[in-house]
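Order-wise, the sequence lines are chains A and B. Position one of the first sequence corresponds to residue 1 (this note's numbering), numbered consecutively onward. Position one of the second sequence corresponds to residue 1 (this note's numbering), numbered consecutively onward.
Please note that the accuracy of each hint is not assured.
[Stated by the list, open to error] Straight line, CA to CA, 30 Å or less: simulated DSSO-like cross-link-like pairs of lysine-lysine:
1. A/387 - A/410
2. A/84 - A/29
3. A/108 - B/75
4. A/406 - A/6
5. A/90 - B/75
6. A/90 - B/92
7. A/406 - B/4
8. A/53 - B/92
9. A/90 - A/410
10. A/36 - A/84
11. A/36 - A/285
12. A/406 - A/387
13. A/90 - A/6
14. A/410 - B/25
15. A/84 - B/75
16. B/4 - A/410
17. A/90 - B/25
18. A/106 - B/25
Because the hints were derived from the structure by calculation, they are not lab data. Note that the structure is predicted; figures quoted are calculated from it, not measured.
As a plain string of letters, each chain reads:
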Amino acid sequence: MTRTVKEIQQGLADGQFSSVEITQDYLSKISLFNDKINCFITVTDDLALQQAKAADDLIAAGNGQPLTGIPLAHKDIYCTDGVKTSCASKMLDNFIAPYDATIIEKFKQSGAVMLGKTNMDEFAMGSSNENSYYGDVANPWDIERVPGGSSGGSAAAVAARLTPAATGTDTGGSIRQPAALCGISGIKPTYGRVSRYGMIAFGSSLDQGGPLAQSAEDCAIILQTMAGFDPRDSTSIEQPVPDYSASINQDIRGMKIGLPEEYFAEGLDADVAKVIMAAVDEYRKLGAEVIDIKLPNSGISIPVYYVVATAECSSNLSRFDGVRFGHRCDNPTDLEDLYKRSRTEGFGEEVKRRIMIGTYALSAGYYDAYYLKAQQLRRLIKQDYEKAFTEVDAIACPVTPEIAFKRGDKTDDPVSMYLQDIYTIALNLAGLPGMSIPAGFSQGMPVGLQLIGNYFEESRLLNLAHRYQQVTDWHLQAPELV
Amino acid sequence: MTLKIEDVRNIAQLARLQIDDSSVKQYATELSRILALAEQMSAVDTTDVTPMAHPMDATQRLRADEVTETDQRDKFQAIAPDVERGFYRVPKVIE
Chain A
1 MTRTVKEIQQ
11 GLADGQFSSV
21 EITQDYLSKI
31 SLFNDKINCF
41 ITVTDDLALQ
51 QAKAADDLIA
61 AGNGQPLTGI
71 PLAHKDIYCT
81 DGVKTSCASK
91 MLDNFIAPYD
101 ATIIEKFKQS
111 GAVMLGKTNM
121 DEFAMGSSNE
131 NSYYGDVANP
141 WDIERVPGGS
151 SGGSAAAVAA
161 RLTPAATGTD
171 TGGSIRQPAA
181 LCGISGIKPT
191 YGRVSRYGMI
201 AFGSSLDQGG
211 PLAQSAEDCA
221 IILQTMAGFD
231 PRDSTSIEQP
241 VPDYSASINQ
251 DIRGMKIGLP
261 EEYFAEGLDA
271 DVAKVIMAAV
281 DEYRKLGAEV
291 IDIKLPNSGI
301 SIPVYYVVAT
311 AECSSNLSRF
321 DGVRFGHRCD
331 NPTDLEDLYK
341 RSRTEGFGEE
351 VKRRIMIGTY
361 ALSAGYYDAY
371 YLKAQQLRRL
381 IKQDYEKAFT
391 EVDAIACPVT
401 PEIAFKRGDK
411 TDDPVSMYLQ
421 DIYTIALNLA
431 GLPGMSIPAG
441 FSQGMPVGLQ
451 LIGNYFEESR
461 LLNLAHRYQQ
471 VTDWHLQAPE
481 LV
Chain B
1 MTLKIEDVRN
11 IAQLARLQID
21 DSSVKQYATE
31 LSRILALAEQ
41 MSAVDTTDVT
51 PMAHPMDATQ
61 RLRADEVTET
71 DQRDKFQAIA
81 PDVERGFYRV
91 PKVIE
């Protein structure tokens, strides 16, 4: 049974099945396959069935909303009142969130059902989901391979159809990269579009939440509920939310799509490049005009990102001190010992590495050379895109330089792991929206096409993605689970 | 930039992390490699470029100075590692 969110909406409306029935189906599928894929940290069976029952009552009374009764899974980075919120860290293994993140509150108000909390890289730091206290997540297309990260649990769960859709967060590609490697659709909205309140912070000037789903159409439906101004998030943008589904089927004839020369240069796998160029041809057939463009400062985005993200993470993660919540070491001798041992025991290796780099970059005497320099370069990266968007309506490029790699292949070399993010991080630095959609296969593994839009042009991305999905069937393909 | 053993210890102290003697060398190597990556930034001239703090150059919103949070001390302390009579307990700080 694989149904899209749209199909479940229809089925619930027509009375083909109830939310309780469909929720039960997903829960039993999760109990069958989660051991193998490890995409859930917590499965909230009882809560899910309660919410499904309440949703069925709402629907029966004619009070259903678009997401009423729809089962969803949430990345374990979003605080969920009364439910363990671990961020895949030993630090928060005992943390029962005392409040809901804004987006969780919105899903509750809309009557959606929560199946559980998905696995991820610890504190969202990683590109392979090999940095989780709860173990690696397997790619459902080949369990020897990584699902990508950091929203690897969400992507794997959707790919395996253990949930119709899921939420994720994207600081440097953490929605788009796992979506690409698992063959599903995902959108990272404009910075400030989706509230960060209750989303455990990593790099606050980069973090943005968004949906992972089976189609662009489903992404539009989920994003509709997630997006919007939130006074509790100090960088949330006060701008009306358009109807994302309304414009999704618009004709794209005459639309100008830019291909950035720098994103097709050395380092891109030849088979991946072939898949991307075939997708671009599909857009030509749909009537889009394809134009070569330049983003000259692309090469600098990885160093800039790893300075900004680590600096912000070292600052954000200073709140985990073993005093008010989270892990505390046994028998601390003094306060200093309590801080140090609680943090040392609670954080995993990659998190500690990033805290160390960020602490160094922000320390006295180095701020100008690292953080300030990186913030200046961010402006140059943003200006590249601004210039590009005077010539084109959207940009198309790969999401990753290669298909999902084998688990364990890059764990010994942090820098080679960081290079996986080469095509995704510039967007976070500029704050732009980006989307990943399935565009084909290489060696039996999915390849994702990235679409980049101007600020607040999520509608255009969803429209472009949906038109492509009307003429191709890559997004309909799902792995066999055995 | 190659980090020395003392640099690693100094950063760890600032970050309130404990690095074992056995892994301090590995940290020095790995962190130096990441810093070498960061140093590629110096290749681009940024004279007179204003640092970017927010993609839309938004400034911090202000709100009226009114109480908006309710008292949830009991709820928050229910998940604390060690509390007593409404306070968070830590090892003795003042002699």
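Do the hints match the structure? See the list:
1. A/387 - A/410: Violated - the C-alpha atoms of residue 410 of chain A and residue 387 of chain A are around 36 Å apart, more than 30 Å.
2. A/84 - A/29: 22 Å, holds
3. A/108 - B/75: 21 Å, holds
4. A/406 - A/6: 34 Å, violated
5. A/90 - B/75: Given that 30 Å is the threshold and the Cα spacing comes to 22 Å, the pair holds.
6. A/90 - B/92: With Cα atoms ~26 Å apart, residue 90 of chain A and residue 92 of chain B stay inside 30 Å; holds.
7. A/406 - B/4: Violated, at roughly 33 Å.
8. A/53 - B/92: 51 Å, violated
9. A/90 - A/410: The hint holds at about 23 Å.
10. A/36 - A/84: 22 Å, holds
11. A/36 - A/285: Violated - the C-alpha atoms of residue 285 of chain A and residue 36 of chain A are around 41 Å apart, more than 30 Å.
12. A/406 - A/387: Violated, because 38 Å separates the two Cα atoms, which is more than 30 Å.
13. A/90 - A/6: 37 Å, violated
14. A/410 - B/25: 20 Å, holds
15. A/84 - B/75: With Cα atoms ~14 Å apart, residue 84 of chain A and residue 75 of chain B stay inside 30 Å; holds.
16. B/4 - A/410: 25 Å, holds
17. A/90 - B/25: Roughly 25 Å separates the two Cα atoms, so the pair holds.
18. A/106 - B/25: 48 Å, violated
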